[in-house]
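Peer 1: If you want the building blocks of each chain, they are given just below.
Number of protein chains: 2
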Amino acid sequence: LDYQHVQVPFEITLWIMLASLAKIGFHLYNKLPSVVPESCLLIFVGLIMGGIIYGLNDKSPPVMDSDIFFLYLLPPIVLDAGYFMPSRPFFENIGTILLYAVVGTIWNVFGIGFSLYGICQVTAFHLQDVSLLHNLLFSSLIAAVDPVAVLAVFEEIHVNEKLHILVFGESLLNDAVTVVLYKLFRSFCEMPTITSVDVFAGVGKFFVVGIGGVLVGLTFGMTAAFTTRFTKDIRVIEPLFVFLYSYLCYLTAEMFHLSGIVAIIACAMGMKRYVEANISLKSHTTVKYFMKMWSSVSDTLIFIFLGVSTIGENHEWNWPYICFTVIFSLSNFSFCLMCSCLLSCFSGVLVLTFFVNRFHVNTITSKDQFIIAYGGLRGAICFSLVFLLPDFHRKKLFIAATTVVILFTVFVQGMTIRPLVDLLAVKRKRESAPTVGEQIHIRFLDHLLAGIEDISGHWGQYYWKDKLEYFNSKYLQKILLREYDQPKSSIVLLHEKLERKHAIELAETGQLGHGPSHPSLLNNDRTALPEKKLEDTLNPDVLENIQEILARNLYRIRRTGPAYNRHTLPGETEPVEHAKEILILRHKSL
Amino acid sequence: LDYQHVQVPFEITLWIMLASLAKIGFHLYNKLPSVVPESCLLIFVGLIMGGIIYGLNDKSPPVMDSDIFFLYLLPPIVLDAGYFMPSRPFFENIGTILLYAVVGTIWNVFGIGFSLYGICQVTAFHLQDVSLLHNLLFSSLIAAVDPVAVLAVFEEIHVNEKLHILVFGESLLNDAVTVVLYKLFRSFCEMPTITSVDVFAGVGKFFVVGIGGVLVGLTFGMTAAFTTRFTKDIRVIEPLFVFLYSYLCYLTAEMFHLSGIVAIIACAMGMKRYVEANISLKSHTTVKYFMKMWSSVSDTLIFIFLGVSTIGENHEWNWPYICFTVIFSLSNFSFCLMCSCLLSCFSGVLVLTFFVNRFHVNTITSKDQFIIAYGGLRGAICFSLVFLLPDFHRKKLFIAATTVVILFTVFVQGMTIRPLVDLLAVKRKRESAPTVGEQIHIRFLDHLLAGIEDISGHWGQYYWKDKLEYFNSKYLQKILLREYDQPKSSIVLLHEKLERKHAIELAETGQLGHGPSHPSLLNNDRTALPEKKLEDTLNPDVLENIQEILARNLYRIRRTGPAYNRHTLPGETEPVEHAKEILILRHKSL
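From first to last, the protein sequence lines stand for chains A and B.
Using the numbering used here, the letters of the first sequence map in sequence onto residues 1 to 590.
Using the numbering used here, the letters of the second sequence map in sequence onto residues 1 to 590.
Any given hint could turn out to be false.
Treat identical chains as interchangeable: a pair holds within one or across any two.
Said to hold, decoys possible - Derived pair list, reagent style DSSO-like, types lysine-lysine, alpha-carbon separation capped at 30 Å:
(1) 59 / 31
(2) 232 / 282
(3) 478 / 429
(4) 31 / 478
(5) 427 / 395
(6) 501 / 282
(7) 282 / 31
(8) 396 / 497
(9) 232 / 31
(10) 429 / 232
(11) 497 / 427
(12) 292 / 282
Don't read these hints as lab results, they were simulated from the structure.
Take the sequences, apply the hints, and build the full model.
Peer 2: Right, dumping it as structure tokens:
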């Protein structure tokens with residue numbers, strides 16, 4: 001037996017296997033995941049595992065290594081989040097998200113920090129030795145809303161798209177802020193005196209870390225898209241490039257002390273569109289599937305490790321401090337409490353929302369506000385950051401407080417948020433995908449609004465969106481896409497996708513026919529063309545031609561003016577109905 | 001800049017990126033890969049990289065770590081090979097493959113070892129200090145035909161299926177033999193005296209290592225298949241299990257000093273059938289795609305590292321020894337040369353083939369024999385094994401000889417084998433997939449032969465295949481498959497696959513129809529059924545019913561006796577023709 005030789009890969013594989021089997025186990029009992037979020041169950045499994053290890057070895061189980069977390073477990077989850085981020089709602093609410101992520105987080109950090117410093121002044125608690133700076137350092141890490149935990153819970157409760165993107169986008173983008181604040185306070189802790197120059201440098205760093213991350217991400221994303229132009233002959237390694245470039249992008253950003261999370265999201269969102277057009281359909285399935293799989297495994301491992309790491313003797317249980325931390329960080333209510341209940345209902349979120357609502361037509365309701373505040377779960381990011389703290393005599397207290405906050409938010413908030421959403425009757429996500437008709441109307445309105453903005457001289461989001469689209473089709477696509485001369489509109493792509501899906505369904509039920517085809521087309525032609533010409537249209541070349549015209553017209557809808565025509569789109573009545581109508585019509589004509 | 005922090009993953013990612021970009025580069029010039037095998041080009045890139053590193057650092061570039069090779073790079077390639085191994089030709093030729101792998105390899109090891117010992121006795125070469133045991137140890141590693149190199153070359157030249165499986169199967173299965181011989185001679189080298197008991201124990205070890213590997217592999221394979229029964233609700237981690245179980249299987253086998261390669265092949269071949277039936281179509285695409293991608297990257301990295309490791313000062317250039325090693329190991333001709341050209345044409349392969357041909361109806365032609373002998377490429381396995389040798393004063397000579405043999409076989413044999421195959425007019429692989437008709441005939445003959453063997457009391461391969469099939473459907477499928485009550489024959493599956501493919505093609509050209517369907521069915525019915533009934537068959541339930549009957553009948557073809565009916569299968573005439581015929585017929589009837 002030669003265990004030493006294979007130990008490292010063997011143990012890694014076993015952990016992943018355990019995580020996957022735990023996942024299967026939960027899903028065998030269908031009722032369990034609908035009551036308790038998976039993250040809680042996984043932490044519970046981790047606690048049991050940690051207990052077993054602790055019992056057997058009689059020493060604390062190994063703590064999750066911060067390097068392993070930040071270098072190997074976090075990137076797949078963030079990549080998955082960025083790649084599948086619905087870009088339209090994200091960019092529509094980018095202002096609100098940034099406001100919450102930047103102003104809200106800073107607010108929280110200082111709110112929690114000063115409040116805890118206040119608590120430390122109470123002599124009964126024996127905490128006078130914790131300085132303000134240490135409190136701020138601690139609050140900077142405890143204020144970081146964790147995208148992994150948020151995603152794990154919000155994926156299961158299906159709130160409406162806007163609310164989801166607000167909570168989730170904030171949890172992703174606040175990384176840049178918390179990283180800066182954390183590093184700033186950490187270096188302040190080690191400095192003998194702090195000058196005002198240092199503070200200004202800290203403020204400047206925000207922009208460097210955030211915008212630098214975006215730039216690194218976009219650079220790698222564009223390179224990835226450019227690379228996939230040349231993979232036509234070796235389809236098999238296409239999916240690799242998506243993963244390689246995003247990972248390199250994350251590592252590069254981390255190397256330059258920029259925000260890796262922001263970078264990988266920019267990279268994924270930037271490359272998605274071009275990569276998707278360049279790579280084959282099967283490659284794309286692999287990319288999507290593998291990304292989901294990988295992030296799911298990382299996610300599972302993180303929660304199990306969280307549970308395992310909780311057990312042990314790393315903690316100092318000063319209950320007043322811990323309890324007040326939980327209370328202060330209970331979602332984003334810190335400001336509310338900081339102002340010592342003077343403003344009672346105006347928490348950080350509420351004040352911010354007031355400003356947001358003033359400048360937006362689409363207001364955020366008070367229910368939504370509550371869910372945003374309540375959805376601020378903490379997770380493995382705080383946990384890893386607290387272990388990275390420089391050694392000082394109260395580190396174990398901070399570790400204990402962080403552990404309790406994480407367990408509290410994941411268990412209590414995570415488990416009660418679903419009943420709360422039900423209770424408040426928060427608007428849910430619509431079950432069905434938008435119909436083609438809706439999509440056309442949305443697109444039509446976009447163009448209309450861009451035109452109105454153009455005429456009124458107001459440079460709003462539609463104006464910029466239109467300019468970006470123009471730049472994209474004029475320059476970017478020509479460089480990045482392999483077949484740039486056939487820009488297909490998303491509606492045509494959707495139509496193709498639906499047709500493909502339908503074809504597979506037909507094949508599976510054995511209804512596939514080789515006879516008269518393309519009902520939407522037949523439907524358009526049947527009023528104008530005689531019977532014989534109908535059969536001519538079966539010629540694939542002609543059909544392709546028509547489809548291309550269709551694609552071009554849809555795409556250039558704004559540029560060519562009144563080319564919009566309701567006959568150039570597939571109808572929305574039931575396809576089976578179509579087929580029957582055609583049959584009846586043909587019988588009659590014969 | 002904090003490079004230290006991200007160094008390990010950053011450098012790994014960069015190496016993989018380099019490998020992938022090199023692959024893209026070769027394929028940009030279409031003519032290059034058709035002349036030079038990719039493996040040669042990759043080694044060449046590695047040599048350049050090694051030269052650059054050597055030039056910049058002025059010391060030998062890092063050598064490929066044996067642990068990295070055996071634990072991380074080799075398993076994906078072997079898994080891919082095992083998973084996509086065509087099981088029918090493999091089992092049909094298993095006897096021949098085993099004969100080549102076991103007897104042929106032992107023959108080669110002793111042939112090369114004794115010949116080299118003979119060379120060492122020539123005083124002019126200054127090699128008298130290399131003992132017989134050291135020569136045998138060296139020959140045991142240099143005789144290992146490398147599946148990675150063989151696969152890389154033979155995938156490009158498309159020889160006929162049987163020849164391919166013989167060369168490739170031998171290169172995979174000889175791992176068990178070379179591992180045993182290598183470890184045997186290594187321990188003999190360290191022992192003061194060798195008793196006959198040790199030799200017998202060595203012979204016994206063959207069976208333990210080989211059969212143990214198969215058992216470990218099958219155990220893990222069955223467990224994997226069983227696990228995928230329960231993944232219905234979490235499709236997203238299905239592909240993971242295939243990889244996790246195969247890797248665990250490899251590591252477990254290595255841990256117990258069994259043959260990891262044999263284990264992973266048994267695991268992959270064992271689980272494939274059941275896993276494929278259990279997991280979803282998209283999961284399966286991901287598994288296949290990712291396996292190919294991973295093995296392709298490993299492959300690329302191995303050849304690049306081979307090139308990099310070649311540069312440096314690890315070598316002792318005793319040219320006579322090296323040249324004779326190349327000559328002796330030039331394919332499997334060692335025996336021929338060992339017998340000092342007495343038997344001139346009877347190389348090891350030829351003698352073995354003589355025996356094989358006596359007991360087989362399907363003889364191996366002399367051309368095939370030559371290609372088998374010539375296709376014995378050496379690669380990274382030899383290279384890793386030679387670095388694992390215990391330190392002794394002639395190790396550098398062995399390293400030099402191994403490097404030269406590898407470069408010689410990969411470059412000279414790899415580049416000339418394609419022209420040779422053309423020159424000898426070796427039977428090539430047929431371009432088209434077997435038609436449905438052929439498949440039916442093959443299956444029919446299988447049943448016929450099983451029946452004949454049954455009656456004549458001869459327990460041949462068909463008898464055992466039939467018994468295995470019975471055991472499989474009676475017990476294994478019920479345990480391992482989720483929906484075991486619908487065993488579909490491979491022909492029905494093929495038909496479904498073709499229909500699905502056709503449907504996608506139709507959808508892509510826009511010819512998808514919702515009208516009268518399933519031409520094969522219409523074709524069958526049109527002689528018997530009147531027009532109205534034809535339209536009734538459009539009902540999906542009825543169709544499903546018919547398909548199920550079709551599936552069952554095909555499956556139980558042998559058990560139900562004369563149920564074989566040429567009308568129950570899709571015809572082979574052109575589908576468009578069908579559609580036209582149907583149209584004409586309907587026009588007439590109206």
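Peer 1: Can you name, in rising order, the numbers of the hints this structure does not satisfy?
Peer 2: Violated: hints 1, 3, 5 and 8.
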